[in-house]
Amino acid sequence: MSIRRLWRSSPAPSPLRGTLEVPGDKSITHRALMISSLASGRSLVANANLGEDCRATASLLELLGAAITSDEANYQVEVEGRGVGGLREPEHVLDAGNSGTTMRTILGLCAGVEGLSVVTGDATLLRRPMLRVVAPLRQMGARIEGRAFGDRAPLAIRGGDLSGVDLRLPIASAQVKTAVLLAGLHATGPTTLIEPGASRDHTERMLAAAGARLRVESNRIRLEPTPALSAMTWDVPGDISSAAFLLVAAAIVDGSDLTITNLGLNPSRTGLLDVMSRMGAEIDVRVAGKRFDEPFGDVSVRGSELTGTTIEGAEEIPTLIDELPVVAVLASCAEGETLIRNAQELRVKESDRIDVMCTGLRELGVDCSPEPDGMRIRGPSVFKGAEVDARGDHRAAMSFAVAGLRSEEPVVVKGWSSVSTSFPEFLDLLGRAQGRYG
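Going by the working numbering, the sequence shown opens with residue 90, and the numbers climb by one from there.
Calculated from the structure, these hints are not laboratory results. Mixed in with the good hints there might be a few duds.
Claimed, not checked - Restricting the straight-line Cα-Cα distance to at most 35 angstroms, the calculated cross-link-like pairs of lysine-lysine (DSBU-like) are:
no. : residue 1 : residue 2
1   : K503      : K438
2   : K473      : K503
3   : K438      : K473
Claimed, not checked - Just the calculated beta-carbon pair ranges, DEER-fashion:
no. : residue 1 : residue 2 : range
4   : P218      : P356      : 24 to 30 angstroms
5   : P259      : D211      : 23 to 29 angstroms
6   : E313      : G286      : 23 to 29 angstroms
Cβ atoms here follow ideal geometry from the backbone N, Cα and C, with glycine treated the same way.
Turn these sequences into a full structure, and let the hints steer you where they fit.
Next up, the structure:
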């Protein structure tokens with residue numbers, strides 16, 4: 090799919106109405122592919138996310154020896170796993186592209202592979218911190234070298250011969266946790282992790298579903314050596330991080346009444362819904378059931394009057410860290426001040442999202458001040474037309490597009506092609522919600 094580098098908005102011609110289903114969850118798709126590569130037999134990833142990040146993961150797993158077949162028309166991926174300990178030394182460099190999740194989690198897999206693996210990425214990814222993953226893997230016995238003493242890729246990993254360890258992680262990070270648990274599958278002896286706070290827990294749920302000997306108690310995880318994982322059918326729910334843009338759009342456009350079905354509702358990911366409700370958005374959440382212990386259901390949002398709030402803390406921030414860019418747009422439409430803090434992780438995402446969002450929102454006429462660990466936004470704002478630069482960040486680009494729905498004049502978003510990273514279907518679904526397409 091070809092996606093242009095610039096996008097030009099026009100004010101919403103109509104409210105967002107109807108029922109939609111967003112593509113499969115990116116985080117779950119990454120993990121389904123990786124766990125399936127370690128399973129014995131053939132697994133199916135249904136409703137897979139086929140954005141560039143997950144494609145990068147699939148490509149790297151093939152280089153490590155997994156057999157992967159994609160049916161893009163039906164959003165399905167088949168993975169012929171090689172079993173725990175069955176992946177092989179890659180003959181080529183593993184290029185994660187722009188995907189931080191791919192790079193950080195693949196390090197855990199490579200730590201368990203005998204031989205040498207070299208992992209790299211694009212210019213943006215080469216600037217992102219990696220020592221948070223490298224350090225615990227080194228403690229397990231992996232030999233890893235890279236720029237800045239292992240804090241920057243490219244990274245060279247000599248894997249194999251891992252030992253289980255007791256780790257107290259300095260930050261709550263699902264990517265670090267996933268890398269350590271994937272490595273722990275190959276270790277002699279148990280691996281114990283303690284996080285300082287909650288982080289998204291897809292990996293624990295999915296490993297347990299596939300047969301890993303795993304025990305979770307609050308923020309403490311213990312993984313026993315697991316000789317085999319079962320092949321699975323992963324029916325991936327919709328991605329709440331992608332749905333966020335449509336949900337916020339419905340909340341800020343008068344007269345909207347939008348429902349998104351088959352949406353992942355893992356409690357470690359639903360902070361956006363809690364914040365929207367706290368700000369006054371009319372939200373109805375209906376849990377339909379669970380698949381591989383992952384809850385899913387339907388969410389309806391209606392256009393509402395909003396008030397500012399404070400978003401903070403080690404428990405709340407991880408549950409909506411990826412949604413904070415579009416939350417900043419939501420806050421711009423709310424009465425009063427919204428303060429986002431304890432979100433310094435935003436500065437080391439695909440861009441410095443605090444700087445990108447504050448700069449762009451100010452250009453659109455919003456009273457937005459950056460803070461070292463967040464931002465302060467005073468509303469409600471009347472968005473004006475402007476050209477804003479998403480700096481190659483897919484979530485910033487779509488957030489500015491949502492702001493464009495309330496702008497008095499067109500908003501031009503630079504760096505629009507980055508949307509293909511996670512949600513290339515965004516404009517199509519937005520158009521359908523506004524009745525512009527079938």
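Here's how the hints hold up against the structure:
no.	hint	result
1	K503 to K438	holds (18 angstroms)
2	K473 to K503	holds (16 angstroms)
3	K438 to K473	holds (27 angstroms)
4	P218 to P356: 24 to 30 angstroms	holds (27 angstroms)
5	P259 to D211: 23 to 29 angstroms	holds (27 angstroms)
6	E313 to G286: 23 to 29 angstroms	holds (24 angstroms)
The structure meets every hint from the earlier list without exception.
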